[in-house]
Amino acid sequence: MALSSALTLPGRSFLYFLAYLGQLAALMRELTIALRSGVWRLRLVAEQIVAIGYGSQAVVIVTGAFTGAVFTFQSYAKFKDFGMETSVGAVVSVALCRELGPVLAGLMVAGRVGAAMAADIGTMKVTEQVDALRVMGVHPVDYLVLPRFLAMMVSMPFLVAESVSFGLIASYMVTSYGYDMPSSWYLTHLVDHTNMDDLKIGMIKGFVFGMLITLIACHQGLKAENGAVGVGAGTTRAVVVSSLVLLIVNFFLSIALNYLYPLGTL
Amino acid sequence: MASPQSSPKAGDDADAFIVLRDLHKSFGAQEILCGIDLTLKHGETLCIIGPSGEGKTVTMKHIIGLIQPDRGDVFVAGMHVNKLKEREMAPIRQKVSMLFQGAALFDRMTVEENVAFPLIESGVRDKAEVKRRVFEALQAVDLEEHLNKYPTSLSGGMRKRTGIARAIICQSECILYDEPNSGLDPIGSDIIDQMILRMQKRFGVTSIIVTHDMRSVFKIADRVAMLYRGKIHFLGTPDELKASPDPIVQNFINGRSDVTG
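Protein sequence lines, in the order shown, are assigned to chains X and H. Sequential numbering from 1 applies to the first sequence in my numbering. Sequential numbering from 1 applies to the second sequence in my numbering.
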């Protein structure tokens, strides 16, 4: 009996996983229909841009800045052993543009915005506000998901750019004021070894992460049930799932994007 | 015609606005509806009564396509509701509106914005007309002085009345009321009853009201359906309901606790 349970558990988990992917695909399909309908409710999109983009700036800037600073602080000491301390700017810049900027901004947005989306829509679901929308002939995906999706698409590239920019400013300050490295050395290496491809990768990743966070969080909100307990559980799942998915997708996206935009040699 | 103990068969009446045919619905292992047959004519007011948890709200949600049946058919204005996809429901939802049990007002909107919402979504863009119709709808439920309040600052009864204003503003052919009198004082309850009667007389609105308030039932209903154990246990006029010899019916309408047998 215990053996059969142990054997069926992976199968059940796999089926649950497939069902979950199916639900996300169905939501994506509805979102595509909503996008193609052309009814975008721009006032709601603007409100969401304020909530997502403007509201997330502080957390993304602080995260980017201190990551850039600590990365520089640690790498400078090691690079100095090899007499390569002037390359710190290049390494930090490429790392922030390609990986740390988009991933950290994505994780912060998943925590802050993903949780808010799941809780907001989940509360509307359990208090029948989503059903009220349906009764009034308004599709919940059109009204609740599409504006958040569009706002995220607009906001995420900017948030990634801010995260990277403030990371680089912090890195520059650590090398210039902390280690007395001539600023021209730092800046020359940074500019020489950072190109548009690095920036493109950061933006593409931010775009994809934004899409994933919105889909996962809105899905958790729309399927919330069992009152406040269900909303709480859905909110937690939205943050955990979107953070994990973001990290996993980042790995595969990095491989794919490195084929498209190969990393230059330092 | 009273028909205790068995579900009536839906007729093929050409004037039928709503037809439920052999409706079955289960949630998990619990069977809620076990074959509901019901026909409602244009302009008719039907009250659905019955003990809590017998599927009154579930029946109502089938009519507007919020729930899909496991088996059976739902027709509204000749349209086969349970064959339509969510995005094809718009014609049904233009004809039928609904008041939810908890009013389901949008938390982020004021009373005025809540009531105006269905009107704006239905395509009315003239701001003066929207304002006028919102004021009229709120006047009908005695809430015209609370336009700028948010739902969280309203009492339960006021929320319910705002929900009613939102349900009536588009002047739908049919309005479904899920416990419109619950949480209201006797005067507030009478205001709602009078409004339902007025909607029927003035605009010929078809109404389905899920309620436990027997005083309202006898005041407003053309017919009464009693749900019991997943079936329509009684269907008839209020007078037939009063005169029914069925002990289950009598226990329910007189509030005796052995209603469940």
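Bear in mind the hints are in silico, worked out from the structure with no lab data behind them. Note that CB positions come from ideal geometry on N, CA and C, so glycine has one too. Do not rely on the hints blindly, as some may be mistaken.
Stated by the list, open to error - Which chain X residues face chain H? A few, computed with CB under 7 Å, are given here:
1. 131
2. 132
3. 135
4. 136
5. 137
6. 138
Each hint, compared with the structure:
no.	hint	in the structure
1	131	5 Å, holds
2	132	4 Å, holds
3	135	5 Å, holds
4	136	4 Å, holds
5	137	4 Å, holds
6	138	5 Å, holds
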